[in-house]
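The listed protein sequences derive, respectively, from chains V and X.
Those letters in the first sequence? Residues 1 to 284, per the numbering used here, in order.
Those letters in the second sequence? Residues 1 to 293, per the numbering used here, in order.
Read the hints as simulated data drawn from the structure, not as lab findings.
Don't be surprised by glycine CBs; every beta carbon is placed ideally from N, CA and C.
Careful: at least some of the hints might be erroneous.
Cβ-Cβ distance ranges computed for the label pairs, FRET-style [to be verified]:
1) X/G45 <-> V/P244: 37 to 43 Å
2) X/T254 <-> V/M103: 35 to 41 Å
3) X/P132 <-> V/N44: 42 to 48 Å
4) V/S53 <-> X/V53: 30 to 36 Å
5) V/K280 <-> X/F30: 39 to 45 Å
Stretch-level coverage of chain X by chain V, calculated; a stretch enters the list once three of its residues show a Cβ under 8 Å from a Cβ in chain V [claimed, not checked]:
6) 91–101
7) 179–185
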Amino acid sequence: MNKKRTGEKIIYWLMRGVTYSVVLFIAYILLDILIHGLPAISWNFLTGFPEKSGAEGGILPAILGTLYLVIGTIVVALPLGMFSAVYLTEYSKQNRFAQSIRMAIVTLAGIPSIVFGLFGLGLFVITLNFGSSILAGSLTLACMILPTIIVASEEALKSVPKYMREGSLALGATKWETIYKNVLPYALPGMLTGAILGIGRAAGETAPILLTAAAFFLPDLPTSVFDQVMALPYHLYILATQHPEAQKILPMQYGTALVLLLLVIGLNMAAIILRIRVRKKYKW
Amino acid sequence: MTKQRLKARIIKYFLQSCGSLSIIIVLLIFLFLFKEALPFISEPGIGGLFHSVWNPVSFQKEEFGLLPLITGSVLVTLLATLIAIPFGIIGAVYISEVATAKEREVLKPFIEILAGIPSVVLGFFGLIVVAPLVKDIFGLNTGLTALTGAVLLAFMAIPTIMSISEDAIKSVPIIYKEASLALGASRIETIWKVIVPAALSGIVASVMLGMGRVVGETMAVMMVTGNAPVVSFNPFTSVRTMTATIAAEMGEVTFGSSHYASLFWVGIVLMLMTFVLNLVSYRVLKKYGMIDK
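Bound conformation, chain X alone (with noise of 0.2 Å):
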């Protein structure tokens, strides 16, 4: 009998251990990131983190300022969102309320592939078919801009925004509906006034969940926007985002150089954005019960 229940200890601690592997990846991330980027503290110091001008490769002046890399990723994140909100949340009405269920059926997987397209072939699609597009359409000298990653973005954050929506609009009580029609008002006015509204919180939430897939996105960002670190809120200029700065150049960095330690306060700078992003909306959903506690 003892024997039976040292094994039953065993194994449970063996899962235990299993299970609390997530808290510690998470850890050692914090961990990692911190240690490889602490160098820079002390030389060439934090302050110059702070300035305008990313110009890390330079036999005059080396600057590392963030600046250009964080409004170079909000720009495309928020043209992204912009571009995403309304397919994204009347893709999601759509499919909840007025689909057919076979229509449904055929719809929902089909978006789901655009959700597991890789990054890189979006990028590769962008640069060849999406650029050219933009060039022409707006009649600038590049294709490769602002914009150009942000259309490409916005279609990497519908899914989400799409899948996450319809749960929200899917958890509205019925009786809502019910009250709703049965007071003489019409489906659509149904739609937007009653059920849209009190979904609107998971709505908001898979909005930011989908801006925070936007803005850690690497590859296609990195091949269509240009890479110019250049502070602009014009969606026509190139950029460049913190994603692709360390894509780009740690290929050519000095282990243990100011620039080496400089990729990773980069690195810390977007992942305390998507970590604010993801807790939010996870707080929401959660609050709302479309997440099990």
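So here's chain V without its partners, still in its complex pose (with noise of 0.2 Å):
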């Protein structure tokens, strides 16, 4: 018997190795970029223009157009996002049309990022005209965050009881006085959760906007949506890969990695952290 507990013992020992030295490598990436990446970060490093085709100077153009497509991407897709999960929670029946529309988002959450930077080139730059441009970069993305959002829209609005929709009906209210004063204003911060998480995959994403919006360097800010625009991934890719000094400019590309990683990082957590507190705070 005790010769069986010792046995169980190292198993169970293994199994934790195991599942540790997964965290182990995470911890180990972000030590890795962060210690690196650290000493490069300034000031300067922020709020500047680059200087010799990236080999110095700053980053700024790069994070304020990874700024503004990904506030282009949420406008667009947060509100179709909420709406489409409205209507599959709340109107839809149980019919073809109903699975239908649930094998579309299974279908659109798994198709690779690359064959959405297909699609928005032929649909968004070339067929619409928009150029390469933050419109057809933001709109390539919205189509690729979409379903993220309405499965996390969809979740939070099921997570809401019935007895809140029935009482409100019971008292004279229509279906969409229901759903707008009762449903909705519970289930926004669940939404939020996953407009975040939108967000930061959006932020992170290089390959869509590879083909859709991103140049590696221009001398002056965007000035209008059919502006190209450079991105943090963008930059990093071309910094780390492109440039005919990569080995030279290691600072560049760690400080570059360290702000996007902060940004992406620092999104997740905070839909992770609202997606706690929201439970804590609707125990239904």
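Hints given; two lone chains; assemble the complex.
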């Protein structure tokens, strides 16, 4: 019996080891980028323009470019995703139409980001003639993060208990009044979680904007939605692989990687924290 | 009253059209991939896609054989899956059956962070840290190999495999566990001989979803696999995947050329592969009640 116990303990420790090796790997990536990236970051780096094709200077246009793209994306994707979720949870019946919508959402969630890039290139850049621009990039990214927002919003709507709706309907409110005044306000924080996760994904993606929006170097900041932009992930990609002196400008690369990483992880953490707080606040 | 009815109807139709947007986008994606790819059929002909050489820019003879790109993707994906499976599944079992509640609360968000690291950052890390390591350990000329890409992609698949396998393990009825323990089986025996087999379909689905993610991954793989479009099943050679080909070459093609159209064919093949992987795993998960209908 004792022998069996020790054997069991060993297996537990092995499993623990395997699990924590993944954790260690993550920690190693984060620390490596943090340690090498921090010295590169300065006020000048964050607010300056790139000089000598990115070998010196700052990354302000790339930060702003990512910001513009993300804002454009969320402005399009959030309302559409929310309304779509309201339709699915509150209006649709269990019929083939609803089934095919769900099938489409699953399909959309599985499409590789580079295929979204091809699609955006074909539809927005060429056919609609937006050119490589903030508009084309944002619309492409919006299509990509739509499933994330729909799924999170649906979950938020479903967690509002049925009696909230029944009470309101019994008092004579219409269906839309009920949803608008008695369901949406309680579902909103949960929906925002999805929105933040979507933003995080959009900010870190490179492949779609490679084909629809990004430029490596622009002398001026964009002035309209039809302009090309620089973006953090694309900037990092070029510095690390295409730059003639890629080996010599490691600090610039690490600095850019750290800014991007902090942005994306910060957003994801915000979403996780918000989710925990929402769950604690509304215990029905 | 009729005015109110009208309003209700307008709202319903508005929401319905928002709801159907997902369907429209999926259809548009198929439509535009084929629209841009179609000219390739008349010139230089669809048979060209089945050749075994990818050499789209050449003065003598342009070749658009997809085979090296497909084998590149398959090789990297299979390797990555092989690496990810033990970590993903053992991790899921550990988190759901062995770890204490507190441990779980720390581990899960941490793994979620891994899922959130942008692939270009992972690729950068691979280029600077993992590639030299692979080069030294195996004594190669270059660290930019299929294996390097697979290691990085494995870490992109692990969060997917872990979280969905964990759901599958959690959905095993507790009576299975109790019955096994009551019959005198130890906890380890119960885990590996009762719980994991009962959750197996969900675990398989999670692996397939992870594979879907790996096949479609672009930036990390483009930065570390060396970008050599050759047919090879040796993990220590440089390869080029379908995703990397599109991303690397689309910037330099002339719109409307055969090369341009051929890249859309690459996109179509890629889309179909991920579509099948996702569809099958979705069906499995739905059948076992792990997705709401």
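For each hint, the structure was consulted:
1. Under the hint 37 to 43 Å, the C-beta atoms of X/G45 and V/P244, about 39 Å apart, fit the expected range.
2. Evaluation of the 35 to 41 Å hint for X/T254 and V/M103 yields a pass: the beta carbon distance comes to about 37 Å.
3. Taking the beta carbon of each, X/P132 and V/N44 are about 30 Å apart, not inside 42 to 48 Å as hinted.
4. Evaluation of the 30 to 36 Å hint for V/S53 and X/V53 yields a pass: the beta carbon distance comes to about 34 Å.
5. Take V/K280 and X/F30: their Cβ atoms lie about 43 Å apart, and the range 39 to 45 Å holds.
6. Figure legend: the segment 91–101 of chain X, annotated as covered by chain V; annotation consistent (6 residues with Cβ-Cβ distances under 8 Å, at least 3 required).
7. Note: the segment 179–185 of chain X has 0 residues with beta-carbon separation from chain V under 8 Å; the three-residue rule is not met and the coverage is violated.
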